[in-house]
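Asker: If you want the building blocks of each chain, they are given just below.
Number of protein chains: 2
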Amino acid sequence: MTNTELSSFLGHWLPRLEGEMRELLASHEPAVAAHYAMMQYHMGWLDEHFRPHQAMAGKRLRPILCLLGCAEVGGDPVQALPAAAGIEILHNFSLIHDDIEDGDDTRRGRPTLWALWGMPQAINVGDGMFALAFAALQRSSRRGVAAEQTLAALDIFTQTCLALTEGQHLDIGFEQRTDVTVDEYLRMIQGKTAALVGGSIAIGALIGGAPREQAAGLQRFGHAVGLAFQIQDDILGIWGDPEVTGKPAGNDILRRKKSLPILYALRHAQTGADFAAVLAGKAERSQLRAALELIEQSGARTFAEREAQRQHENAITALKAALGERAGGSALLALAESLLNRQA
Amino acid sequence: MTNTELSSFLGHWLPRLEGEMRELLASHEPAVAAHYAMMQYHMGWLDEHFRPHQAMAGKRLRPILCLLGCAEVGGDPVQALPAAAGIEILHNFSLIHDDIEDGDDTRRGRPTLWALWGMPQAINVGDGMFALAFAALQRSSRRGVAAEQTLAALDIFTQTCLALTEGQHLDIGFEQRTDVTVDEYLRMIQGKTAALVGGSIAIGALIGGAPREQAAGLQRFGHAVGLAFQIQDDILGIWGDPEVTGKPAGNDILRRKKSLPILYALRHAQTGADFAAVLAGKAERSQLRAALELIEQSGARTFAEREAQRQHENAITALKAALGERAGGSALLALAESLLNRQA
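Chains as they are written, first to last, in the numbering used here: chain A, 1 to 344; chain B, 345 to 688.
No wet-lab data here; the hints were simulated from the structure.
Where a beta carbon is used, it is the ideal one built from N, C-alpha and C, also for glycine.
There could be a bad hint or two in this list.
Stated by the list, open to error - In silico SDA-like cross-links for lysine to any residue, where the CA-CA straight-line distance does not exceed 20 Å:
| id | chain 1 | residue 1 | chain 2 | residue 2 |
| --- | --- | --- | --- | --- |
| 1 | A | Lys320 | A | Glu293 |
| 2 | B | Lys602 | A | Gln121 |
| 3 | A | Lys257 | B | Leu684 |
| 4 | A | Lys320 | A | Met1 |
| 5 | B | Lys601 | B | Lys626 |
| 6 | A | Lys247 | A | Leu236 |
| 7 | B | Lys601 | A | Gln121 |
| 8 | B | Lys602 | B | Val526 |
| 9 | A | Lys258 | B | Gln465 |
| 10 | A | Lys247 | A | Asp105 |
| 11 | A | Lys258 | B | Lys626 |
| 12 | B | Lys591 | B | Leu684 |
As the list claims (entries may be wrong) - Which bits of chain B does chain A cover? Going by a derived footprint, with three or more residues having C-beta under 8 Å, they are:
| id | stretch |
| --- | --- |
| 13 | 397 to 406 |
| 14 | 441 to 455 |
Whole structure, please, built from the sequences with the hints as guidance.
Answerer: Structure (structure tokens):
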């Protein structure tokens, strides 16, 4: 697939994906309409008075990977649409609960669900979307996917859900610790980010008719892409261009986020103690400059860039093993490259 | 099934059900062991220091109904064990989130998850159990259940999950209202209680090989049993014998719980305003006496008892339609009778 072909693929399938999701999250009974309207608010389709709205949507990265996974093994993406919708709904369920757990009151520039309608309703809306994510996957058979294939896809989906909660378990625990290691961090993002990216591609491939072994290979590819993606995110969170990211320089340092470069610098034998002392102070401009100097000295940036590159290479190796010669011209490869080279 | 046969059925299957659930909630990796240990604490298998423990367990009503649903249509309950385990795990997930949403800090005499480990971890532990409930149902194929049957059972399960969140949506909304009607209340318990009871039996029946129509009939039976069960609970919440229930007389009045008799009395043309005025005051012994007199005068007790009886009759009609002549000797009937006549 060339970049033009990828654009035309997305132009064709993204509106259908939105349609599938809107159908799934529609309400059917006035008594509980607000339950579904809150889901639709979160998706950006309604405003806080439940009037039609068009807010900035997410990247839809995971469902796109699901549809591409299906297409790359020769399947018809229309059969993967319900699963792709379920994957994006699952991702959004996890965002709703994350926002409650982290106490974040805005997301993509809008108030979060709990900030508008309270914590109890927000937890429950997330639970409803969790159930609808499964309902979406179970629709696959309506598109002619065999029952055994649907169950195989559901198996991966459920394992992915569980991995998400494992990653979140670690992430919540990190909040109260000052001794988190780089390895612990990598284990956390395996669960919180990489599992769903890998699962998305594998589910698409299984629905597209891939043998289990090939689907597992594509899952390894997605897993590595997910890790590279998150580490790249961590790099941009400190050294990203504010003009491009829309966030202040050194944003993750200001927010004291336990990202990979920061954890690396904190554990550094020479500069770690100084860096920790700077972070323990108030988040001021002058201290940001000192923190940026120390993190640079620690070699955290080089470490993170190498780690992202290493995961990217793992991804390519896995893709070649799964697709053989076709890997070179694959849209999955093009997408992985663009994720690694993005600036925001 | 006679009562003796039912006892022997439970004696045989309940330990196997516990074994199935313990296997599902076991942890496999030290890094995330605490995530699973919190689930095991909630189930009563560990104490708060994660040492082995034997706390009072729940009634296991729903999984028993699933196993009986399977047996009643001639299936082998061993095939329904994974689904029964999934149903009980789902029920417990909903209790964990309910406790957070209601701010309840004890359950069955022990601190709730959020009270011990904080709201963020407790939400996430609930999410993990939600995923494991699906993992449980998907295990059915390992016990030789056909893929199509497993998917049919999963369809009902997912719809049941969604109904749970709809019921909870209404229940949370009731907290902030003083004008909740009896009909609205009945709609709420349809989602929060009846759907899972009905779903449990239908899932067991489908796995036992019942045709869809028979499973739907048994689901209607369970739905009516669930409603009768909840209304009976509401009656016991006010007029239950403290010696038997272990709770103070008039407990639901003291707690200002929006239960069926209380809502009925609040909407009563003659005594409603007086009753509301008494409830608006402080929860004191003398006011409890006044409240009990007013609720009695309103006819709320008779109304609730008739409503429970009516649902019980609906249940029996549905059971006869689904099982024909065998309904009379069915363990499902015996269980429904014992639920309606219970004192705690």
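Asker: Compare the structure with each hint and give your call.
Answerer: Now the hints, each set against the structure:
1. The straight-line distance between the Cα atoms of lysine 320 of chain A and glutamate 293 of chain A is roughly 40 Å, outside the 20 Å bound, and the hint therefore fails.
2. Only pairs whose Cα atoms come within 20 Å are accepted, and lysine 602 of chain B paired with glutamine 121 of chain A is accepted, the gap being roughly 18 Å.
3. For the hint linking lysine 257 of chain A to leucine 684 of chain B, the alpha-carbon distance of about 55 Å lies beyond 20 Å, and the restraint is violated.
4. Restraint check: the Cα-Cα separation between lysine 320 of chain A and methionine 1 of chain A comes to about 15 Å, which is no more than 20 Å; the hinted pair holds.
5. A threshold of 20 Å between alpha carbons decides the hint, and for lysine 601 of chain B with lysine 626 of chain B the separation of about 14 Å falls inside it, so the pair holds.
6. The hinted pair formed by lysine 247 of chain A and leucine 236 of chain A meets the criterion: a straight-line CA distance of about 10 Å does not exceed 20 Å.
7. For a cut-off of 20 Å, the pair hint linking lysine 601 of chain B to glutamine 121 of chain A stands: about 19 Å separates their Cα positions.
8. Among the hinted pairs, lysine 602 of chain B with valine 526 of chain B is consistent with the structure: their alpha-carbon atoms are about 10 Å apart, no more than 20 Å.
9. A distance of roughly 18 Å separates the Cα atoms of lysine 258 of chain A and glutamine 465 of chain B; the hinted pair therefore holds under the 20 Å criterion.
10. The hinted pair formed by lysine 247 of chain A and aspartate 105 of chain A meets the criterion: a straight-line CA distance of about 17 Å does not exceed 20 Å.
11. The straight-line distance between the Cα atoms of lysine 258 of chain A and lysine 626 of chain B is roughly 48 Å, outside the 20 Å bound, and the hint therefore fails.
12. Between lysine 591 of chain B and leucine 684 of chain B the CA atoms are separated by roughly 19 Å; this keeps the pair inside 20 Å, and the hint holds.
13. Check on the stretch 397 to 406 of chain B: 0 of its residues sit with their Cβ under 8 Å from a Cβ of chain A, so the three-residue criterion for coverage is violated.
14. Given as covered by chain A, the stretch 441 to 455 of chain B passes the check, having 4 residues with a CB less than 8 Å from a CB of that chain where 3 are the minimum.
Checked against the numbered hints given earlier, the structure breaks hints 1, 3, 11 and 13 and satisfies all the rest.
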